[in-house]
Amino acid sequence: MANAEIQRSKPRPLSPHLQVYTMLPNMLMSIVHRITGAALYFGTLLLAWWLIAAATGPDYYNFVSGIFGSPIGLLVLFGYSWVLFHHMLGGIRHWIWDTGRGFDLETVDRLSWGTIIGSAGLTLLTWVVGLSIKGGF
Amino acid sequence: MSETVLRPTPSPTEARIRTPLARARGLGSAKSGTEHFWLQRMTSVANLVLVVLVLLQIIPLAGADYAAVKAALQSPLMSLPLLLLVLSGMVHMRLGMQTIIEDYVHSEGSKVLLLMLNTFFVIAVGLACVYAVAKLSFGA
Numbered sequence: 117m118a119n120a121e122i123q124r125s126k127p128r129p130l131s132p133h134l135q136v137y138t139m140l141p142n143m144l145m146s147i148v149h150r151i152t153g154a155a156l157y158f159g160t161l162l163l164a165w166w167l168i169a170a171a172t173g174p175d176y177y178n179f180v181s182g183i184f185g186s187p188i189g190l191l192v193l194f195g196y197s198w199v200l201f202h203h204m205l206g207g208i209r210h211w212i213w214d215t216g217r218g219f220d221l222e223t224v225d226r227l228s229w230g231t232i233i234g235s236a237g238l239t240l241l242t243w244v245v246g247l248s249i250k251g252g253f
Numbered sequence: 170m171s172e173t174v175l176r177p178t179p180s181p182t183e184a185r186i187r188t189p190l191a192r193a194r195g196l197g198s199a200k201s202g203t204e205h206f207w208l209q210r211m212t213s214v215a216n217l218v219l220v221v222l223v224l225l226q227i228i229p230l231a232g233a234d235y236a237a238v239k240a241a242l243q244s245p246l247m248s249l250p251l252l253l254l255v256l257s258g259m260v261h262m263r264l265g266m267q268t269i270i271e272d273y274v275h276s277e278g279s280k281v282l283l284l285m286l287n288t289f290f291v292i293a294v295g296l297a298c299v300y301a302v303a304k305l306s307f308g309a
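Keeping their order, the protein sequence lines are chains C and R. Sequential numbering from 117 applies to the first sequence in the numbering used here. Sequential numbering from 170 applies to the second sequence in the numbering used here.
Calculated from the structure, these hints are not laboratory results. A hint or two may mislead.
[Said to hold, decoys possible] Output of the computed footprint for chain C on chain R, the stretches with three or more beta carbons under 8 Å from beta carbons of chain C:
| id | region |
| --- | --- |
| 1 | 217-229 |
| 2 | 265-277 |
| 3 | 295-301 |
[To be verified] A few chain C positions that, by computed beta-carbon distances, are all more than 12 Å from chain R:
| id | residue |
| --- | --- |
| 4 | P132 |
| 5 | G185 |
| 6 | V192 |
Even for Gly, the Cβ is constructed at its ideal location relative to N, Cα and C.
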């Protein structure tokens, strides 16, 4: 028993981690996919808040809507929309890989750049459309 | 008085009559097979379709007043995809956060606690959304 405890307290050997690899686009996309997933996870609080506000009544809805419409609120929503599109396109990339296709380095790079450029494009498109509807332009 | 002895290494007889699968079952960290992977992928398909359906209706609400937002959320064309997205999203986000926790939290106590909190969070947020949409749809 004592022996087992001593063995357990010894630090386990670790394999080389992030610091030994050169940062490549697909590595960055993998990390960002996880971070955006976690951001979407906590961002569901914003959706729940907005829906609860709408279900509560006009006064509280206008209060919450004012927060979302403030400069900081818009910045958070802008970030949240990019996070959503990035995670969405990253998911599509994973579907392609799930079929066993697209593992050659050139395609991997192209898919990674496609994810980042596509997510930026979709975010801008969404906000251009949204702000034109709102009459901000 | 009999004593229960945990014996991962089987006796010679046991080794002969039990299949390797029977001995491995229930041991180790893999408590289930491919369900996690499959559910993650299946809900990702649902999420993509539903998120597009919901976004196409939410983006036009930019700058809309309360009455317009309420009317939009009461429409089944909005509320049904939204409710489905919440359900599918709950499963998806719980699995995703479970993976993150299992990857980075190695102490058994914190891991179990965080996995529990993960489930609580997902159900609480998801149910709050469902409650709000239901209240709007059935007359707020």
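Taking the hints in turn, this is what the structure says about them:
no. : hint    : in the structure
1   : 217-229 : holds (count 5)
2   : 265-277 : holds (count 3)
3   : 295-301 : holds (count 5)
4   : P132    : holds (16 Å)
5   : G185    : violated (8 Å)
6   : V192    : holds (15 Å)
Checked against the numbered hints listed earlier, the structure breaks hint 5 alone; every other hint is satisfied.
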